[in-house]
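Enquirer: As a plain string of letters, each chain reads:
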Amino acid sequence: MQVLLDALLAAWQLIISGDPDLYTIIGLTLRVTGSALFFAVLFGLPLGVVLGLRNREMKLGCLTPLINTGMGLPPVVAGLLVFILLSNQGVLGNLQWLFTPKAMIVAQTFIAWPLVVGLSMTAIRNVDDQLALQLRSLGATRWQLAMALVQEARLGIMAAIIAAFGRIIAEVGAVILVGGNIAGETRVLTTAIVLETRKGEFGLALALGIILLLLALLANIGLHRLQGAE
Amino acid sequence: MQVLLDALLAAWQLIISGDPDLYTIIGLTLRVTGSALFFAVLFGLPLGVVLGLRNREMKLGCLTPLINTGMGLPPVVAGLLVFILLSNQGVLGNLQWLFTPKAMIVAQTFIAWPLVVGLSMTAIRNVDDQLALQLRSLGATRWQLAMALVQEARLGIMAAIIAAFGRIIAEVGAVILVGGNIAGETRVLTTAIVLETRKGEFGLALALGIILLLLALLANIGLHRLQGAE
Amino acid sequence: MLELNAISKTFDSKQVLRAVSLSVAEGEIVTLLGPSGCGKSTLLQIIAGLMQPDAGDVQWDNQPLVSVPPHLRNFGLMFQDYALFPHKSVAENVAFGLKTAKKTAVEQKTRITEMLQLVGLSGFEDRDVNTLSGGEQQRVALARSLAPQPKLLMLDEPLGALDRALRETLLDELRQILRSLGQTTIYVTHDQEEAFAISDRMLIMNAGEIVQAGPPQHVYATPNSEFTARFLGFSNVFSGVVSGDGVQTDFAELAVDTALLTGAVTKVLIRPEQAQLSDSTGIPGVVTDVSFRGATTRLRIDANGAHLDFELIDLPDIAVGDDVRIVPSKVQVIAN
Amino acid sequence: MLELNAISKTFDSKQVLRAVSLSVAEGEIVTLLGPSGCGKSTLLQIIAGLMQPDAGDVQWDNQPLVSVPPHLRNFGLMFQDYALFPHKSVAENVAFGLKTAKKTAVEQKTRITEMLQLVGLSGFEDRDVNTLSGGEQQRVALARSLAPQPKLLMLDEPLGALDRALRETLLDELRQILRSLGQTTIYVTHDQEEAFAISDRMLIMNAGEIVQAGPPQHVYATPNSEFTARFLGFSNVFSGVVSGDGVQTDFAELAVDTALLTGAVTKVLIRPEQAQLSDSTGIPGVVTDVSFRGATTRLRIDANGAHLDFELIDLPDIAVGDDVRIVPSKVQVIAN
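Chains as they are written, first to last, in the working numbering: chain A, 379 to 608; chain B, 379 to 608; chain C, 3 to 338; chain D, 3 to 338.
Honestly, the hints are just simulated from the structure, not real lab data. For every residue, glycine included, the Cβ atom is placed at its ideal position computed from N, Cα and C. Keep in mind that a hint or two might mislead.
[Said to hold, decoys possible] Ranges between beta-carbon positions, derived for each pair:
| # | chain 1 | residue 1 | chain 2 | residue 2 | range |
| --- | --- | --- | --- | --- | --- |
| 1 | A | Gly405 | C | Thr133 | 42 to 50 Å |
| 2 | D | Val70 | C | Ser15 | 54 to 62 Å |
| 3 | C | Thr133 | A | Gln605 | 19 to 27 Å |
| 4 | B | Gln508 | D | Ser280 | 53 to 61 Å |
[Unchecked claim] Covered by chain D, according to a simulated footprint, are these stretches of chain B (three or more residues, beta-carbon under 8 Å):
| # | segment |
| --- | --- |
| 5 | 497-509 |
| 6 | 513-520 |
Model the full assembly from the supplied sequences, consistent with the hints where possible.
Expert: This is the structure we're talking about:
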């Protein structure tokens, strides 16, 4: 037990003393995950909305299993694919992004994107069918109908984004692969925890773990609040 | 593109040729994840059922946020805690389990357990309230009532177990920490993918990735089937 | 005015509408009454333009509507579950149809106040619709449908989700609101009492066809088929053979006021509310059930195996098992 | 027989039941009729033992029940949403109460067949309950409740989730089943027509108290308060002052058949179904609404600001706005 208490004490001191290494890692984590989330929403949300609207009227055929596969893709497999893509022999090898934060953003975007598409599609689809009919009979054009439904589904869409955030911030496999865990450059919370633990730096590892846990909890609480509000 | 196609071809050949390395890794993965799932269900299901039954009658106070925290715990943090516990200075250091499959089973059990507890609790709680009242008025004792509700919630409970399986089989952070990724001993699908990718063995990595993806998909499809059946 | 000519519609090889024709005059309230699955909701969606008919045409003031998209028809449609925006205020809900019609903010505000007053919800503008009762939500839905002054309002089982007491109150209000506005309306229901109370004209639908049409009093007094009679709640329908001066059924010879060909097989309806007990004449039978209904008491009689129901006022003391004789004072022939 | 003495229950400082006493004899069907929130469901749960009263006691055949757990009382309880096992067959559902009573497999099988025959579902043993209609599911729930031969059956709004036509059919069946078994029953509803049809005795509840009790005919004929009168659907309740030979209201002096102290303030009920139009005498008023109801027509009259409703048969041709005079033939004094 002593080792855990010592580590917790050390963790607390690192957090309140504003340890520069710790805050570099937190900063990079937020930058990588924030950027990935931004791109996932940018490319994913419009597609999710369009599919959700379509889906009200017809079956989507093979699209739904495809999106489900994407949502269930193990992150380490996503990381592997991005690695191959960005490797020297890969299509985007010329960019020289491998082992830089850019590669991590690409990998996390890849993981978050199907989640944003799938969950926002479901959110749109869950809006009461009769409301859509009702709005059309009240003179709504297709565009006005879409806007009204997006507004009705806004809690579900926010939940989709938070779920994607929670997934990528706690993820290890993809970032460790494509980032390479280079100190100060590509070391984020999860990979730093792995490294510091191996080095026996339990204090720093726990400090990082507590921050990560807090971020994950925040996302979790946000999701619960949103689901409660519906 | 060429590198991806080459890798895919190599992966296919490894899978059909019954490459012993590949099958050793798959075997260990199933053993570790299966054992962890077994223990998580053994310790988690009864607690989830009891809490679910209790919860029908009263608020659980601080238990619910605790379980939610557990369900949202980043696996790498769970790995860190198990690592400290099993390290030479840790309470269970004497067992010398660190960097063995046993440590991986402990870590995965730790990750799966809150999921099994929380989701089976919800499944029990979701059984129609009036059914419980109805059964009591039909002469059911508390034990008969509990058994009847478990039977009604069986699809939800199975979904809880599958969700836990899906979570731990695709997880990297905890097993890489406590297992140490030792070839033939503690190398499971996810950690092997990380290692083989780094070594540039894209064919083997992809073969492992395809297997992992298939297992994750199976779990996903199972969940969808169960939710559809309700 | 609205005119439908021979509208047909088939889903998955099931013919839901079979050459339905009907017209609705300006200011008229027409009810489509029929069991669920008879095609009435499909007909509404075709009129609203939310669905295309397979054959037939829809006209408004002699202009074909088939190529007019729903948002340009200016027809209102309101459903059983009110389908409000759950996260918006009452005023925002009512405003929707005014916004699509590009009314100014001032016009919207005036019209919303007017509409809420009409439905008895003055001052409810800023309330969250989730805090309202079922009846209040249904009034908001009505205000929203009426706000853009639809040329035609269609109500699809609007009171179906409410309990009896509330349904009766709202039905009264609805009638008064629609009449005071002179609103041209098609009202769809499976409840004959709602249809009786609200209609200028009733259309009875069965299996995709209109089987009887007319003012409620007329339909109630002279159902033209066994289906209509039973759907209106009359269970005393019996087959018989026309004899000299009446119809011979399994249990009695019934005098009818229609001239018929002797020997023909026909069906008769014995009106449940027009009969009296007698000591000597009438149909002999055994009382199988006496059930108090408030204003009337329902008497069920077994007459030679046939079950006859009567709704009588001031019934003498009578018990299950008693032998009685009953004289029906109105027996109608219903074609086929 | 069941006896409740002065049962009280308070939730969150709201008194839900106020010293309610009642008894139910063997074989009797008693209805608790009241608006939602009047405490009727709480009372049922107390009788079933699913909830403890704050004060008062529950007895069966003079034995106190308070300490008897619900599963040993052998009382059946059935709810509005049938609360069946959705994943089990009809037979498995019906068997539940037999299993808890430790019946042998053979006894269970016999009893299930018997019960399904009773509720008109013979041969449905192996059907999945999810494939049944709402009415059929409700019958399965009834069979399940009756199977263990409960000493007392409690039905909580059993037909509330069904639509009107189905409700009427099932109500008839339910009466016949309960009567044929001589089943002691408490029936809870907010629908007066159900209560009229099924009860030997009706108890009207309001705000946690029983405000009137008696056979349905008696309660219908002589409501003892404005609450009961309005709850039974009579809206013509007016305040007045007792004068020489009647009661003076805002719109007319009404003759009553009760002797009262001159000058006292009282309330009267004008029965809507007992009145006739007249040319010279009666209450003068203006017709504000004529609404066809099938067997009767409802006439609404504004008499000096008061709204009077009448349900008349064979109404002459009359329109909104006409001046009429109406002679009520039955005016009742309702205490307080």
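Enquirer: If you check each hint against the structure, which ones fail?
Expert: none
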